[in-house]
Amino acid sequence: VRATGLLLALVACGGVDRSRPTVVTAAPSSQPASAPAAPEDLPTKGDPWKGRADLIVPPPPAKPAPVALPPVVRFTLPDGLRVLVVASHDLPVVTMHLAVGAGGLDEPKGKRSLSDFAAAMLTQGTPRHSSDEIADTMSFVGGSLFAQADLESTHVVCQVVATEVGACTALLPEVVATPTFPKPAVKAVADELLAALKRQRENGASLAGVHLLNLLWGEGNVRGWPHTAEQVAAVTREDLVAWHRQRFVPANAVLAVVGDVDPDRLRAELGRAFAVWRAGAAPARKGYPEPKLRGLSIRLVDKPDQAQAQIAVGGLGIAHRDPDYRAALLANAVLGGGGSSRLAGLLRARTTSELERWKARGMFHAETATGNGEAVATLRILLGEIARLRQSGPTADELAAAKSYLAGRYVIDLQTAADVAGALVVAELHGLGDGYVRDFPVALDGVPLDDAKAAARKHLDADNLAVVIVGKADEVAAGLDGAGLTYARVGWQEPVSPRARPPRLPVDETKTAVGRKLLDEALAAKGGADRLRAVKDLHAVGKVRLQLGDREVTGAWDLIAAPPDRRRVAMKLGGQTLVLTVAGDAAWQQSGAQVQDMPEEIARQERAALWHDHDFVLLRHLDSGTIVQAAGTETVEGKGYATVLVRAADGSNQVKIFLDPETHFISRLTYPQYGGTAVEDYADYRKVGGIWFPYRQRAAGGTQTIEVTLGDLQVNAGVPPGSFDKPK
Amino acid sequence: VNLVLALALALSAPDIKEWRLDNGLDVVYLGVHRTPIVTVQVWYHVGSKDEPRTLRGSAHMFEHMMFRGTSFVPPQAHAQMVARVGGRFDAQTREDTTFYAQTVPRQYLDLAVHLEADRMRNLLIRKEMVDAVRDLVKEERRGVEGSPIARALDRFRQLAFTRHPYGWLPSGYAEDLDRLRPSDLKRFYDTYYRPGNATLVVVGDVGEDEVRAAAQRWFGPLERGPEPPRPSASAAEPKQAKERKEVVAPSPVGVVICGWHTPPARSEDVYVLQVIANILGGGGSQRLHQRIVRRDRIGMFGGAEALIFEDPGLFFAIGAYESPEAGEKVAQALEEEAERLAREPVGEVELARARNQLAAQFDSGLQTVEGLAAQMGNSALLVGDPRQWLTDADRYRAVTDKDVMRVAKQYFVPENLTVMIAPPGGGK
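Here the protein sequences line up with chains A and B, keeping their order.
Oh and the first sequence: position 411 is 516 in our numbering, straight run, nothing missing.
Oh and the second sequence: position 415 is 412 in our numbering, straight run, nothing missing.
These are computed hints drawn from the structure, not numbers from a lab.
One or more of the hints may lead you astray.
Unchecked claim - One side of the interface only, derived from the structure: several residues of chain B facing chain A at Cβ under 7 Å:
#1 Leu18
#2 Gly21
#3 Ile34
#4 Val82
#5 Thr100
#6 Pro162
#7 Gly164
#8 Gln213
#9 Glu319
Here the structure is a predicted model, which means the values were calculated and not measured.
Here a beta-carbon is modelled for each residue, glycine too, at the ideal position from N, C-alpha and C.
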């Protein structure tokens, strides 16, 4: 009898399970067990376990056993595809795992999302089946088919019960060999990727990872090029088709099939199914120079909402094929990758270190979190322990524990058909063979202490590392300055790549003077500072058109603003009214009867939008400490505009203002958003109460656009009572 | 299209061994030699239905307490010992059972059995530990409180079960948790955490002799203890005579639940009910979603689930909605869709999809030693036979359109129905 199972669906609706499992993974608590005081049911006081010889202790680590992997049958299909089959008749399922050598390392500089994009598109349609038909077929047999790219490969995995293996034999070759990349799906996938990118940038830990890649690998290596919203938006259907045509060829792929199958029959069926695949040679993977790290390179990413600072440290690792790989893996397990690692014992927050496992040389990295004020002290502990391990290596006991942990973990994680298929594919791609999978635990056990020490010495370079701290920069900076450490400071919304960031301000007194003059002229043309400052409230109504990827909606627009810190926008779209309100520190959104606080990051964006609001941004350079720089003339659609960079004194906000040379009105504003650049355009200025307001407004970012055409605008007409009150 | 597929698997007749120690502990063993690992699970025949009515959450407390120190194992050391050899552990409280599990390399079989035997009788129930676990359990309970759907289900269970302890959830309730004293928990422990009330399940790359030896060595000396009381035996749910309907306090989103009493796990009908739950609410393309979200556009979610318990259980259909006036319409849609199954035969494709999905989900779970052991433990405790699950996939696949009609006709009748409407507009 099966336990109940609707709950996944309920979670999508906000439900939770009735009886939640407590502990699922084996991550041990990094905090020492607290000693109980005065136990009620015991005669003893204090620690009832202290100094006892009769406690249960684990036996000494045991010799690991090899994996009882059935023989691997290998053959090559007529088109050149290498196939590995493990017929395991006691598994009631089949997993087919195909990997194509097309991954992040192959992406061109301006299109860093291509591999993810193409992978997501594979199941979106073929000449024979639409995406719905593919999904229906898999759903009908209770199976799954998905594709995903990583750094080196695109993986396409199909899983079914053994009796339905035909679904995989038919569909997997079809989606790999003949995807049609339908246009509507391109837009939908772009939106998903942009949403994922946005989530990645909003999360402190993953943002630290993004910056670490850039800082460590640099601008000269594909791994250092960050993914951006612009790059996702720039991917066209033609790019996807070309990517697939060049790299998705049988000679550049390997297929592992594991489960209850008959290898001979499978061979015939796969031969027929893969006959549609066009043979050819994939271009060789481009090589990049390895980064040269000298000393500590520290980047401080200011994200003021971080209650805790996220710390990520990275250096170069080694390739999976490197003869030192196992020894280095064990050294890393002692440091922070094992069940009882040094870092877990030293630091309270969950701290881990990892040695990447790629065919190419990967990286070594460690992560932790700590209070903003303690970030530097924690960093010192982290770096200190890396240095100590490098110097003296693991002890014999530590090495034995690491072996026992890694060997145990390996065999426990190698149970399902999907686990085995994945391990075989990796071993094959990395040129290690299936014996590697079978013997890994035993080989690990055979690493001598000297080798582990040598690997620590050779591969844990504590002196030359990249360090990223994401947190409240002012608090963290105090610690860094106090320690005499040099660092680069960036805002969390600024582009990750230093090359894409605006130059540091201030840089030039002349440019300041020119910029201020331009802004003064613009302010005068707008109606003057006095008039603008006298605006107590604004009420604008009109029409709005929203473009969200391939979806377009139109509706009514109603804005009430009360400078400097209150704004309410109501959009009536279809039958629904969406209201977004910022009132001082509060920010909420209302959809129908539903009222909820805006997520903190969105609220911050909204407050930033008040700072660079197009109607009042010309007052900003009059604020104390604001940095102003003329930024030259830029041409938009054939017309030249004078541009001025304006940055808040605390660096929290920045905007580039494009001024019409004839009218001096603002024509465009650009500012950093989610690692990309948001663009706002303004036109059709009309005079109300002595001030010129743009009646046509347009904002774009990623694949999203919003256009507003005002019908009426009133100044100081009074704010309707309750406009900024949060509904109960 | 496959109709009834006999699974040609070695697993269809695995060599499950079972025996009972003198103290009453049932041992179930299955050798699986794919990878050199073993899972050791202890399934206690105790769950939320065995709790005193004023101390709901007692069973759940143990799920956490059992990791926090015995006479011979300091707090958290059990979990650490397992984790350090690369192992993983788990524990879960349900209505009828509580289980504890660890999976380790096979060389650590004896350690795992030793740790489980130790915490069966040697748990140190200390005030500090109880207070800390109480806070943790209350925090988990807040998860239920924070979810409109979970809260509605909680309320609904209280309406549907007027007498039987399935009326409350295993998560526990703050007011009862606050009332729990260490002595209450000690009494519960001494009553239910006994060899005669548990099944030791061992699955993996170990031999029967090793398992017999380890079980005897560590569990053998434990005292059997008295037969535990079964409060639910004298709290059978009275047969419902007419439809019950209640509008309860508003919820942040509107929720309607329609539920019908169903037979216990031993009944063959539970397979049909699970197929029906899949047809009505298994996912995006299933009937309730189609009706409520797509066709009628009266709500934002539709689903269904069969709660299969040792005692008679419950089938429920659920809808969530926003517009205050939609409540009755959603209720009507849920009832109609359930009752339609009694009138119109289900299409072959729709039925086959449901059967396939259930069977596939079931089969996938059998790939791991943990999954196999869980089926054996669950079967042993709920239906008294650790082999019953072996035929589950076939039973799902054997469900016909006639079965669906018969079962729908039998259970989805107004006199067996409880309807609860929690209108939208409530606070969080």
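Status of each hint after checking the structure:
Interface restraint check: B/Leu18 against chain A, minimum CB-CB distance 20 Å, threshold 7 Å, status violated. The criterion of a C-beta within 7 Å of any C-beta in chain A is not met by B/Gly21, whose closest approach is roughly 23 Å, and the hint is violated. Look at B/Ile34: its Cβ gets to within about 5 Å of chain A, closer than 7 Å, so that hint holds up. Checking B/Val82 against chain A by beta carbon gives a least distance of about 5 Å; that is within 7 Å, so the hint holds.
The restraint placing B/Thr100 at the interface with chain A holds, with a minimum CB-CB distance near 6 Å, inside the 7 Å limit. For B/Pro162, the suggested interface contact is broken, since its CB lies about 13 Å from the closest CB of chain A, more than 7 Å. Hint status for B/Gly164 relative to chain A: violated, with the closest Cβ pair at about 12 Å, above 7 Å. The beta carbon of B/Gln213 is not positioned within 7 Å of any beta carbon in chain A (closest approach about 18 Å), and the interface hint is therefore violated.
The beta carbon of B/Glu319 comes within 6 Å of a beta carbon in chain A, closer than 7 Å, and the hint placing it at the interface holds.
The earlier numbered hints that this structure contradicts are 1, 2, 6, 7, 8.
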